[in-house]
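S.K.: Spelled out, the chains give:
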Amino acid sequence: MLEGAINVLTDEVGPGANSPGGQGNGTTNPLRTGGNLVQLISPAGERINHPEFDVWIKDVSDYQLLSLYEDMVVIRRIDTEATALQRQGELALWPPLLGQEASQIGSVRAIRSDDFIFPSYRESGVAYCRGAELGEIIRPWRGNALYGWDPHRINMATPQIVIGSQTLHATGYAMGIQNDGADIVAFSYLGDGATSEGDVNEAMVFAASYQVPLVFFCQNNHWAISEPVRLQSRVQLADRATGFGIPSMRVDGNDVLAVMAASRIGLDRARKGGGPTFIEAVTYRMGPHTTADDPTRYRDANELEDWAAKDPIVRLKSLLSVKGLLGEEAQASVQAKADSVARELRDACATMPDPAPLDVFNHVYSTPHSWIDHQKDHYSRYLASFGGSSQEGAL
Amino acid sequence: MIKEFRLPDLGEGLTESEILSWKIAVGDTVELNQVIAEVETAKAVVELPSPFAGKVAALHEQPGAVVEVGKPIVSFEVSDDAPAATAAEAPLPPASEPAPPPASEPAPPPAAELTAASLTARTEATEPTSGSPGEAKPAVRREPNLVGYGAFVEETGRPVRRARRLMETSTATLPAQPSTRPRSTPPVRKLARDLGVDLASVPGTGPQGLITREDVQGYVGKDVGGATEGETGVGQPLVPDGAAARERTVEREQRVPIKGVRKHTAAAMVASAFTAPHVTEFLTIDVTAAMDLLDRLKASRLFAGHKLTPLTLVAKALLVALRRNPTLNSRWDEENQEIVQFNYVNLGIAAATPRGLTVPNIKDADAMPLLELSEALSTLTEAARAGKSTPSDLSGGTISITNIGVFGIDAGTPILNPGEAAILAMGAVRKAPWEFNGGVALRQVMTLSLSFDHRLVDGEQGSRFLADVGSIMSDPAMVLTMV
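Top to bottom, those sequences are chains A and B. The first sequence runs 1 to 395 under the numbering used here. The second sequence runs 396 to 878 under the numbering used here.
Derived from the structure by calculation, the hints contain no laboratory data. Since this is a predicted model, take the numbers as computed values, not measurements. All C-beta atoms in this analysis are idealised placements derived from N, C-alpha and C, irrespective of residue type, glycine included. Among the clues, some could well be false.
Said to hold, decoys possible - Per label pair, the in silico range of CB-to-CB distance:
1) A:His363 x B:Ser474: 38 to 46 Å
2) B:Ser474 x A:Pro353: 22 to 30 Å
3) B:Ala662 x A:His363: 53 to 61 Å
4) A:Val205 x B:Gly604: 41 to 49 Å
5) A:Tyr147 x B:Ser474: 32 to 40 Å
Bound conformation, chain B alone (with noise of 0.2 Å):
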């Protein structure tokens, strides 16, 4: 039996730990709590004791790499008849029967008054049986964090604080980064994880500068719109680390096989590029009456705890759009010399995961009122990032969107998902100078880049489409018109 261990919080609230070094290597037999590696939290370097008796399957992770809590390390082979806590050996010489301990004598009355109370060594009989680790002293030798501040050593000699390497090396060079954390209260901080947004880049408005639940709320409708929602990005903020990169002493090339996710992704795109003839076309319009409405969602009762971001309504656009132009949600089946009109749409939504690319869709997504459409887009892309997905949720799909504004880019030429007709880029909502009511305003404007396969569908379906979904998304009311 494979039994896998996951990286613990080894400290309180830590969300990571960077593996420094590996005791073992895969094939080694180990016994329970045998130091396995050595790791390195925020405030400490510690050691892991193996929390199984077995042989090592498999190290999932390298020296250096800085891992997530909660994700898998180690896989060991198990016996499948031993519990991991009988597996031990003994750490000192091993103990062969227990013994009656002597102690259990009872005591012969203090002298004094005094307690003879219990002058018994607290023995219960308990079953032989050998435990574990030895001395695992949780010595450790590196100096990252310090708990508490300390005061200043008298020049008694010996306890000296050593200097923190990360002061020496960062005071001038390296760029500012916050140093500390923003200033928040933990349910605005959850709110923030929720939206993806990220606390550093929202400013406060509360006393000191604290983030208040509005002021995120406030950075997710307005400020940044489509480039703060998350729903295909990961976010990695962008962390500007010069220094740091010329100080990294790695090869100037590295040769990574092809394989997994990327293989895939590979095949899919060539194949996609080199079947069907892609047409691109672009279309930027005003969303500031859709960003006003899904202002005016999130206030309201209906949807209250859920989440609307301006993906959603672009998706509901799609689909409004869709039941006018449905040549875009079809498909060419080569094989059969047959075009398969579907009567559905499984909506795939392109999402960057931590393995790669995927684009997992939402079944009979034309059939869901809005507050149904925006559930499914959370589920899809919370289990595509926490690598969940499952094959019927990859598969089958009949149109797509991708949202490239969560990385602040406003269009592009988006590759077909293999099989279907068309694909949808939506872009940053950024504010800027824009027509309005005969002058120039300031308005929330976003681009739509639409592709489509020129076998299936014209350039006159493609663009009475892509004008559809930009009416709708300019002029939310236009729907009324449509359905």
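Next comes chain A alone, as it looks inside the complex (with noise of 0.2 Å):
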């Protein structure tokens, strides 16, 4: 379904349909079916131009080129870890990432870093690129915090378990950022399954009626837990947008070109002025949903294999490998770098402290609180009773 596929943006809104008293939008984003799906890199891994696309990438020299592949190996050796360490009881639980490394590195490599990044849970790679340190990625899943990072120093929102939820705060910080008058944009990843979610909905309603600088950018990987995107939506996940007047696109998320050039377009919009844009980057999990599930349970070896044909990182490896950027020096080095990184994530998850029961207290709120100091005093207090000796106190 991806084969040839290229097609033209068409999601500029007429003007009118978002000015006061504007009725319909019914012009935007004409219906789209079938394979509207951009691609600047085919699954052979040929570069296929395309005359509106291609200008927002040009600037992508062959050494940046080759850096967006060693990001994405590098993520996926950061995924394969992960996954060991929870199997080996070091981590509670992980989601992996595997199959969307080129959705994650190609917008994450596209945000400027005084923009804001929303994630959902599954945006490790986004994060590692964010300049997010590996134990700080691997934390919350160890059960060692409630958070990862500091939000405030990569730009970066802590993972967002609730599905969708982080839409909601993106629109309200590009809220703020529109009564500041900032020229920066807030960039909010989801998944397929968030598209059918409340929070979501609401987000695209406010964010199209404020027309807050925003990006939605919806990793479409066909499932939803066990749940197929094709039960989700009688519609392609792009179009759900245009119902709320946001435009949208559709691209190929195995084709990092194509995402970075999709993510930069919003980004573009968003700081001129435009309003929130849409973007569905169609790719697929190629694990489970977390290492608690099995999708061999409800989905077919086949489908695995067809995407298999269309991994990310493959078809970007063909591509340096035919303009000869990929000799074997290139590929020891990128090697040694993901080698070097999954080392570290083991360390950094062998030598994490274990958090202090009173931890639990000290970012609720980022100011002094005093039902939080309240409760902590109990909660200390209690824990004294047990006489010193190491509790954990719950219950």
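Two chains, two frames, a set of hints: combine them into the complex.
M.R.: See below:
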């Protein structure tokens, strides 16, 4: 379904559609059917020219292309190592990102460092590229903390487990940007299942109404745990957004360049006051929903095979090889980087200190709060009643 | 250095998993993250990657074994200086030197006004090392449980959900088993776990059958009494599985080498049974008053948070009665042709542990007030069940109690723990029609069985002792006449 599917961005909202009192916007995003999917690198690794998207990535040099590849290899390796750590009892849970490397890297590498990212729980690769420490990425999954990193340090919120809630946070943040008159953008990740949630629909209503600087980046990985996307939506997900008056694009989410171009278009529109954009990156969750899930229970093995043929890393590797950019030395270097990151991740996990019982109170509010202090005081006296021996205290 | 790999919780809150197959054998050299076993949880079949690089020293479980989370399954011989993480082997072509990533060049400003922002790979110079595993695809191949329910699949062809095996085989043949867990709340579940109560057998009085804290406490206190307290029992619920048994294709006989705790138990029992002439006496008593006392004590501030069971009271009654009948607390020293009279009591409690029967004892139990005694009982039995009894716990006992009531049994002829003069078996606390105030009433009744070494103890002394224990248990106030 991906083959040769090149399409023009047709999402510009016609003038007047969003103007006060403007009525129908039925002409925006004309109904798409079939393979209306933007693709700049074919599954075989050929560069496909595109009259409108090419301009958005023409600055991507060979070296940068190689660096995109490196990041994708590294985050796949992070994913593999974290999955192993879960199987070894070091992490309680891990949501794998296998297969979604191009969607994550292509988008995050388009985002400016002062833009603010609101992720779901699967964007570990995004967090890595954003500068989160490896220990910070796995900390909540080890159960050592309720958060990963300081959101203000890397301008990225901590993982949101509640499906789709982050889109509301992002919308609110974007409204704040609007009030401040800043030229930054809120960038919210979500999944295909989230588009069925009330939160996301509310977020799109507000984002469209206020024309906030926001990009909804939806990784359609085809499965909401065991629920296939085709049962959730009778239309393509990108078309759900147009119902709210939000222009949308549908790109090959396993094509790092297409993802990057689409992200830049969305960010540019937002920065220039053009309002929100919805990007559907069509990708595939090649692993389980989390390490506690068994996809073979509900998913056909053939489907996995089909998607393995569209692997984002293999595709970019072919392109790099054809361009002569991926010699042995470069390969070894990328591999060494991935290995060292994997080792660093394992070390961070092994040396992570356990939290103290009272730590749970520390980051509820950013400022002192009398009721939390009250609870903390009670709890500390409760703990003390065990006579000093370290107790979990719960229950 | 030997390192153990303990079975982790592979899902979210799972308590056990089945080893399906081993991918390694003792003596094999394994790499970090090499797949060592295939394991089936309630949720999925998963592959276990090795957490260490080293040599396989022992496999602790056989394929087919259902293993509790936290139990060691493999031991590795790991070289002392090699932390697990560094022993890894690269998954793909092994990396030699980590050349500086080519990506770290600053990006030229992109087209339009766009973000030059982050067009460089996230490459901090990290030291080069090889990491680990490769394509460990978490892909698995069976279909135990479904996460979520899923919708009906349109007839579009491919992913068709397979029928559940369990459903096919079970509907008609399997005896009814509670299919859902009893409704309760986490704190009450914990309480039940602590008290050794199986929630499935507790009737819930809350809304929609919710089992409340009071239900659990009431169940422990009254309904089954001794039979619920799990002091000595491991409390395996007996699951009727006739159909499953028929399906099973095991050999008709199995030969297991005699070793370990079983061997030790056998030797001790034979030695005891054939050196000490045993006499067993029985006494059935109305323990309603004692059970009421137990309830009052449990509700009292003094005992809040402490585990009080019928065993606690029987132990205390035995200790009081022993003071009046010291010959029951003595030892026959054949070698020196002497009778050793103990002026202290190390009270043994027979405990059925996962490893077999052990009789750890509470040192100087006679000097303990009830509160301390209840604590000591809890500590002792917990340690025994966890297999953590120390050699000192297991030696030096002077008299023992065995609680056969936890198995729903009334009476028996217990065999003496070698070297001790007496052992008391307490039966289940049952509701039974019983003489009360000249009429017949439904009372809580228990049978005590006392075996003693007739070389040391005459029928008279044994009988007096048993009568004393019985009189305390049927009317706890009688203690006032004995101390």
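S.K.: For each hint, tell me whether it holds in the structure or not.
M.R.: Cross-check of the supplied hints:
{"no.": "1", "hint": "A:His363 x B:Ser474: 38 to 46 Å", "result": "holds (41 Å)"}
{"no.": "2", "hint": "B:Ser474 x A:Pro353: 22 to 30 Å", "result": "holds (26 Å)"}
{"no.": "3", "hint": "B:Ala662 x A:His363: 53 to 61 Å", "result": "holds (60 Å)"}
{"no.": "4", "hint": "A:Val205 x B:Gly604: 41 to 49 Å", "result": "holds (42 Å)"}
{"no.": "5", "hint": "A:Tyr147 x B:Ser474: 32 to 40 Å", "result": "holds (37 Å)"}
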